Amino acid sequence: MSVWLNSTYALLGLALGLAGFVWLSQKRFESAIYIIIFLLPLYLLKIKIFFIPTNVLEILIGLLFLTWFFKKKYKNINLENIKKISLPALIVLIGTIFSALFSQNLNISAGILKSWFVAPLILALIIVGEIKTGEQIKKMFRWLAYSCGLVAAVALFYFLTGRLTFDGRLAAFFLSPNHLAMYLAPGFLLSLALLESGPKKERLFFLVILIVSGLALYLTFSYAAWLAVILAAIFWIFARAKNKKRALIICGLLLIALAGFLSLLQLNSEKLNNFLYSDRSSWQSRIMIWRAAWQIIRDHPVLGIGPGMFQDYYLRYQSYFFTPYLEWTAPQPHNLFLAFWLETGLLGLAGFIWLLAIFFKKLFGLLKKSNYFAATLIMLMGYILIHGLADTTYFKNDLAVVFWLAVALGISLPNVERKIETIKSL
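The working numbering numbers the first residue of the sequence shown as 1 and each following residue consecutively.
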C-alpha cells in the first residue's frame, strides 16, 4: 500500500538517502543502476514536489538520468543496438501520449504516462548504454533476485503474524496478492537461472531465495502466476538441456508432477472449489471484466480511453449488462493486451506487439547456440506474457521497469555475444 512521506523526519531521511544515491551515481554509476533495480518497491513511498505527485523510485531514476546526461554517458549508447527497437518503443510512447491527451482525466493519465512509460524507458535507455559484458547482465539478474528475495522474506513475516487478506491470501505491503505474485515471480525465475551459472559460493544463497520466494508465491494463491511460472521454468529447463528429447520427457513429467502436487495442496480449499464450481469465482469475474473491456474497446477502438481510466469506464459500462458485476473494483482489465489497447490506443498496442516480435526474433536466433542469457530473458518475458493473459503484468511502476529491463538486456545481448565470440577467436 502507498505511503505518503509528509513528516519532517521522513523527508529528512529521504533527503539524506537521495544525497547518498547522488554521490554513488557520481562515483560508481553502474552500481547506482543496480541499487535502483534492488529498490523497485520504493515506488510505494510517495511525495509531492511543487504539487506534482511522484515517488521515490521516480526520483532515483530522475537523479540517475541527470548524472547520465551531464557526464555525457549517452555517448556510450551503441546506435546499432537500439536502431530496430527504437521505432516500436517510440510508437508505444506516442500512442500513450495521444491516448492521455484525449483522456477524460488528464492529470491521472499524465501521471501514469510519467510513471509507467517515461521513467522506465529512461532507465532502459541508460542500461542499454552501460551493458557491455555478460557479467553485467548477470548482475542485473542478481539484483532483481535479491530484491524479490527480500520482499518475499518480508511477505513471509506478514504471513507468520497473520496479516492476510480477507480470503486468507498473502499480499504483504502490496495492493493485492496478485501484485505481490507479479513482483515475486521474476525473482523466483532468475534465482532458478542463477543456480546454474552463479559462483558456487552464491548458489546456496540463490537456492534460499528460490525457496523463500517460491513459498511466498505459493501463499498468494495466484493460480495464473503459478501456471505462468511453471511453464516459463519448464521452457528454460528445456532450452538449456543438451539432449532435447530427454529434456522434453522430463519437462512433461515435471509439469504433470507439479500440477498434481499443487492440485493436491488445493484439493479442499475454498478458492479452488469456488474457481471450479462457483458462478461467482475469480474466473467468472475476469470473464465479466473482459467482456466489459471489449465493449469499451468497441466504442473507443483507436485512441483508447487513456492511462488509468479503466476503473471509471468499467463502472460506467455496467448498464450494458443485465447481471451486476461480480467485482466492482477493477483498476485494470486483467489482460495485458486489452490493457495496452485501452490505455495506449491502437497505436500503442501495435508498437507493443512489434516490440515483442523483434525481441523474440533476436533472442530465439541466439537460442540456437544454447545461449544462457537468451534462454533466461525469453523465460522472463514469457512469464510476463503468459501471466499477462489473466492479469496486467505491466501496469505498475515496478512491473513496467522489469518489462523494459528485459527489453534493454535483450537488445544489448547480440552485441555482448559478438564481443564474446571475438574474445574466443583471439
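Bear in mind the hints are in silico, worked out from the structure with no lab data behind them. Mixed in with the good hints, there may be bad ones.
[Unchecked claim] What follows is a set of in silico ranges between Cβ atoms, one per label pair, in the way DEER data are often shown:
# : residue 1 : residue 2 : range
1 : Thr161    : Lys200    : 34 to 40 Å
2 : Arg246    : Lys83     : 38 to 44 Å
3 : Lys114    : Lys200    : 52 to 58 Å
[Said to hold, decoys possible] Derived EDC-like pairs: lysine to aspartate or glutamate, alpha-carbon spacing no greater than 20 Å straight-line:
#  : residue 1 : residue 2
4  : Lys138    : Glu196
5  : Lys72     : Glu30
6  : Lys138    : Glu202
7  : Lys132    : Asp167
8  : Lys138    : Glu30
9  : Lys73     : Glu30
10 : Lys84     : Glu30
11 : Lys369    : Glu135
12 : Lys362    : Glu80
13 : Lys244    : Glu196
14 : Lys132    : Glu30
15 : Lys139    : Glu202
16 : Lys200    : Glu130
17 : Lys139    : Asp299
18 : Lys361    : Glu30
19 : Lys242    : Glu202
20 : Lys139    : Glu80
21 : Lys27     : Glu130
22 : Lys369    : Asp167
23 : Lys72     : Glu130
24 : Lys201    : Glu135
25 : Lys368    : Asp312
26 : Lys368    : Glu196
27 : Lys83     : Glu130
28 : Lys71     : Glu130
29 : Lys75     : Glu130
30 : Lys71     : Glu30
31 : Lys73     : Glu130
The model shown is predicted, which means the values in this text are computed figures rather than measured ones. In this text, a Cβ means the ideal position worked out from N, Cα and C, and glycines have one as well.
Hints, one by one, checked against the model:
1. Thr161 to Lys200: 34 to 40 Å: holds, 35 Å
2. Arg246 to Lys83: 38 to 44 Å: At roughly 40 Å between Cβ atoms, Lys83 and Arg246 fall inside 38 to 44 Å, so the hint holds.
3. Lys114 to Lys200: 52 to 58 Å: Given a distance of about 43 Å, which is not inside 52 to 58 Å, the answer is violated.
4. Lys138 to Glu196: With Cα atoms ~12 Å apart, Lys138 and Glu196 stay inside 20 Å; holds.
5. Lys72 to Glu30: holds, 14 Å
6. Lys138 to Glu202: Between Lys138 and Glu202 the Cα gap is close to 12 Å, so the pair holds against 20 Å.
7. Lys132 to Asp167: Roughly 47 Å separates the two Cα atoms, so the pair is violated.
8. Lys138 to Glu30: holds, 13 Å
9. Lys73 to Glu30: holds, 11 Å
10. Lys84 to Glu30: Given that 20 Å is the threshold and the Cα spacing comes to 25 Å, the pair is violated.
11. Lys369 to Glu135: holds, 18 Å
12. Lys362 to Glu80: Holds, at roughly 13 Å.
13. Lys244 to Glu196: holds, 18 Å
14. Lys132 to Glu30: holds, 11 Å
15. Lys139 to Glu202: Status holds; Cα separation ~12 Å.
16. Lys200 to Glu130: violated, 27 Å
17. Lys139 to Asp299: violated, 46 Å
18. Lys361 to Glu30: violated, 28 Å
19. Lys242 to Glu202: Violated - the C-alpha atoms of Glu202 and Lys242 are around 24 Å apart, more than 20 Å.
20. Lys139 to Glu80: violated, 23 Å
21. Lys27 to Glu130: holds, 15 Å
22. Lys369 to Asp167: Roughly 47 Å between the alpha carbons, so the hint for Lys369 and Asp167 is violated.
23. Lys72 to Glu130: holds, 12 Å
24. Lys201 to Glu135: Status holds; Cα separation ~16 Å.
25. Lys368 to Asp312: violated, 47 Å
26. Lys368 to Glu196: holds, 19 Å
27. Lys83 to Glu130: holds, 16 Å
28. Lys71 to Glu130: Roughly 13 Å separates the two Cα atoms, so the pair holds.
29. Lys75 to Glu130: Measuring from Cα to Cα gives roughly 10 Å; hence the hint holds.
30. Lys71 to Glu30: holds, 13 Å
31. Lys73 to Glu130: OK: Lys73 and Glu130 at ~8 Å, within 20 Å.
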